[in-house]
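Going line by line, the protein sequences match chains P and H. So the first sequence is numbered by the working numbering: it starts at -15 and just counts up by one. So the second sequence is numbered by the working numbering: it starts at -15 and just counts up by one.
Everything labelled a hint here was simulated from the structure, so no lab data went into it. This structure is a prediction, so every number in the text was calculated from the model and none was measured. Incorrect hints may appear among the rest.
It does not matter which identical chain is meant; a pair holds if it fits inside one copy or across any two.
[To be verified] With a cut-off of at most 35 angstroms between alpha-carbon atoms, the simulated DSBU-like pairs for lysine-lysine come out as follows:
no.	residue 1	residue 2
1	Lys305	Lys90
2	Lys374	Lys341
3	Lys305	Lys170
4	Lys41	Lys373
5	Lys90	Lys283
6	Lys332	Lys303
There are 2 protein chains.
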Amino acid sequence: MQVAVMGYGTVGSGVVEVITTNHESIVKRSTQNELEIKYILDLRDFPGDINESKMVKDFNVILNDDEVKVVVETMGGLHPAFEFVSACLKTGKSVVTSNKELVASKGYELLTLARENNVNFLFEASVGGGIPIIRPISQCLAANEIDEIAGILNGTTNFILTMMIEKNMSFEDALKLAQDNGYAEKDPTADIEGHDACRKICILASLCFGKHVYPDCVHTEGITKITLSDVAYISSFGGVIKLLGRAKRISDDKIFAVVSPAIVMNGSQLASVNDVFNAILVRGNATGDVVFYGKGAGKLPTASAVVADVIDCARNADKRKPFGWGDSVENYVADYDTDVNPLYIRAKTEDKESAVKAIEGAVGSIQLLTNDSAPQNEIAFVTKSDEEKKLVAALKNIAEIEIESLIRITDY
Amino acid sequence: MQVAVMGYGTVGSGVVEVITTNHESIVKRSTQNELEIKYILDLRDFPGDINESKMVKDFNVILNDDEVKVVVETMGGLHPAFEFVSACLKTGKSVVTSNKELVASKGYELLTLARENNVNFLFEASVGGGIPIIRPISQCLAANEIDEIAGILNGTTNFILTMMIEKNMSFEDALKLAQDNGYAEKDPTADIEGHDACRKICILASLCFGKHVYPDCVHTEGITKITLSDVAYISSFGGVIKLLGRAKRISDDKIFAVVSPAIVMNGSQLASVNDVFNAILVRGNATGDVVFYGKGAGKLPTASAVVADVIDCARNADKRKPFGWGDSVENYVADYDTDVNPLYIRAKTEDKESAVKAIEGAVGSIQLLTNDSAPQNEIAFVTKSDEEKKLVAALKNIAEIEIESLIRITDY
Chain P
-15 MQVAVMGYGT VGSGVVEVIT TNHESIVKRS TQNELEIKYI LDLRDFPGDI
35 NESKMVKDFN VILNDDEVKV VVETMGGLHP AFEFVSACLK TGKSVVTSNK
85 ELVASKGYEL LTLARENNVN FLFEASVGGG IPIIRPISQC LAANEIDEIA
135 GILNGTTNFI LTMMIEKNMS FEDALKLAQD NGYAEKDPTA DIEGHDACRK
185 ICILASLCFG KHVYPDCVHT EGITKITLSD VAYISSFGGV IKLLGRAKRI
235 SDDKIFAVVS PAIVMNGSQL ASVNDVFNAI LVRGNATGDV VFYGKGAGKL
285 PTASAVVADV IDCARNADKR KPFGWGDSVE NYVADYDTDV NPLYIRAKTE
335 DKESAVKAIE GAVGSIQLLT NDSAPQNEIA FVTKSDEEKK LVAALKNIAE
385 IEIESLIRIT DY
Chain H
-15 MQVAVMGYGT VGSGVVEVIT TNHESIVKRS TQNELEIKYI LDLRDFPGDI
35 NESKMVKDFN VILNDDEVKV VVETMGGLHP AFEFVSACLK TGKSVVTSNK
85 ELVASKGYEL LTLARENNVN FLFEASVGGG IPIIRPISQC LAANEIDEIA
135 GILNGTTNFI LTMMIEKNMS FEDALKLAQD NGYAEKDPTA DIEGHDACRK
185 ICILASLCFG KHVYPDCVHT EGITKITLSD VAYISSFGGV IKLLGRAKRI
235 SDDKIFAVVS PAIVMNGSQL ASVNDVFNAI LVRGNATGDV VFYGKGAGKL
285 PTASAVVADV IDCARNADKR KPFGWGDSVE NYVADYDTDV NPLYIRAKTE
335 DKESAVKAIE GAVGSIQLLT NDSAPQNEIA FVTKSDEEKK LVAALKNIAE
385 IEIESLIRIT DY
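Next up, chain P with everything else stripped away, as it sits in the complex (with noise of 0.2 angstroms):
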């Protein structure tokens, strides 16, 4: 079987080790009797490479050679990635994707499109890199109803968190160290404001309850003002900051969607996943809590997922495997703020006292929490566990406090 890879990056040249490398092994699981590279797209030259012979710069030469039945797509961005798979699918070849921009945007119009030209449209390396997870929610937890999935999707601010957390290192000097060490790019903004974690819960939330979530349905918030401030009263209360992307079922046509800061108590097994590792989380009907963790990027991760797909390609060469989720519906993600949970809060107050007494009179009973270098004017609390909306309309009439941080306590 002929496989052509478009994108010579990092996790391109990656797939192109992985299948060099571990050649024997993967021609054995593939049922094949070779499993060969014969192209490699890169607009760029690379000489002296060692798969120089293989490099080309036209997509057609990909498109139209028939002995091509596996298209490796790593070049990141929706276009042209949208329009080279979607000719790919067309001419009946079977496209591997890690791309999770291009499967949030476009997963619904691609699936579609290999289910009519009966290929494979896969892209486990999408979500958690190297971590199995798109397969075991489609097959291993195929007996399951899925209620709720909820994870640490992005190990850059994974990264930044931990510093905050463990060497009380400020946000702005955890992003530079982030950069410094190559987890984090010149421009951030992907990663610090959440849109990287969006796409990949949209994707699993897809996944999960069958119909297509878009990245701009989903409310977002990166973690660029957590203080550490903010760090200090939440370990005081047991938990630790994580950046979650998070989603459960409501009805089979509503569902909660969210990417946001989230407070997780230690002893959860999400409280441990330190530095660039993913973790993720699946509550099934029958499982209860399924978690999956490990090296939520970087070359060889995310080469492996992306190999472990084209082998299933060449496995079911013959045959479409049953995959995929429907188009959306209209009003499917429902408000954010209509979730229920406890709510962290940190607040400017003049009078402690009287603050209190009001947050009080407001949402009922609070836990008063305390931070050993807190200036005076400072007031921090968790409330009761109640509609965010209803929370925060309340706690924002009280003239006693400004509020400045805002926070989710979740079960997990």
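On the provided structure of chain P, position chain H as indicated by the hints.
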């Protein structure tokens, strides 16, 4: 598609319950028009049971019914499970089992029968209960060479150790509590002596490294000799004791495999796996460490894993999944004490100062551990990393100490 369930105990009745509760989505995922339980085999009577009309006592009813394409074996034990499963495979029925004893002892034989008869023999539920692990190893991690696998594979012993570590409860009291909670059986031998974990690591090692590993080739120690004193020393060292099943590749014809209490340092994903939870760490040459976590036992989690396999059989009704391992080879499992680790040692001694001198003379520098409630005539320490056989031989030669406890320190 018609299914038969053999054994209407905890797991078997759970299988029937999961198929009933999630029937609609299971049929859809199975890509069949229907998926129905036709027979339930059990020698006992279940008067008034909702499924009474499906109960049969004669195995031949199932064997001779050509409509039954998939048979679920949840009887447990080796006989007659082995004979029944063999007969089903020979008549062209796929078999799904949760029976770890059967797979660990007869896996190669049954996989061969399945291949010869072009049917599937699947056993996701035999390890890790509801945690997807067999399928991720065989599929999602297909692009990796797996170098090593280690797991907390037995919920009962993990509960007991958790009580000892967190509540300072003695082994005996913790075992009693586990029995009172229904986590441990009246005769807890299979759990506390490590036999259950041994069967599971055999299945995992067979799958990861490609050749059958038989339980009697794997050195197995239980947790009955662990004391609260060990727990305290190891806590002061920054670790916890877990009962681990471990296996790693030495060469294509040699692996290392052992079941024993082992020290996991705090911060490791395995250290925070508490109570009856299980976790399995897979170390791949491309993915790095991936951890799968969840409930390792229980009616519905285990049943959901069985049903996922049933769905897989239904999806592949016309086609065998390439899956399994080869025959064992002689001396495939290396001697357990040839592994290289640091060791934790607790020993009796009448003269600590001269004991330390003698120990350091024999094995090089050591790290002494302290424990508030330690008796005067006791010493505990951690050695440098070296071959276990060599360390033990040297330590046993020291007249000044009498070794009471030896626990291996892992790097997970």
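Each hint, compared with the structure:
Both within a single protomer and between protomers do Lys305 and Lys90 lie at most 35 angstroms apart by alpha-carbon distance, with minima of 19 angstroms and 31 angstroms respectively. Proximity of Lys374 and Lys341 under a CA criterion of 35 angstroms is satisfied intra-copy only: 18 angstroms inside one chain copy versus 69 angstroms between copies. In this assembly of identical chains, Lys305 and Lys170 lie within 35 angstroms of each other by CA distance neither inside one copy nor across copies; the values are 39 angstroms within and 46 angstroms between. In this assembly of identical chains, Lys41 and Lys373 lie within 35 angstroms of each other by CA distance neither inside one copy nor across copies; the values are 53 angstroms within and 58 angstroms between.
For a Cα distance limit of 35 angstroms, the shortest separation of Lys90 from Lys283 inside one copy, 24 angstroms, qualifies, whereas the shortest one across copies, 39 angstroms, does not. Taking the shortest Cα distances, Lys332 and Lys303 never come within 35 angstroms of each other, neither inside one copy (62 angstroms) nor across copies (66 angstroms).
Against the hints set out earlier in the document, violations occur for numbers 3, 4 and 6.
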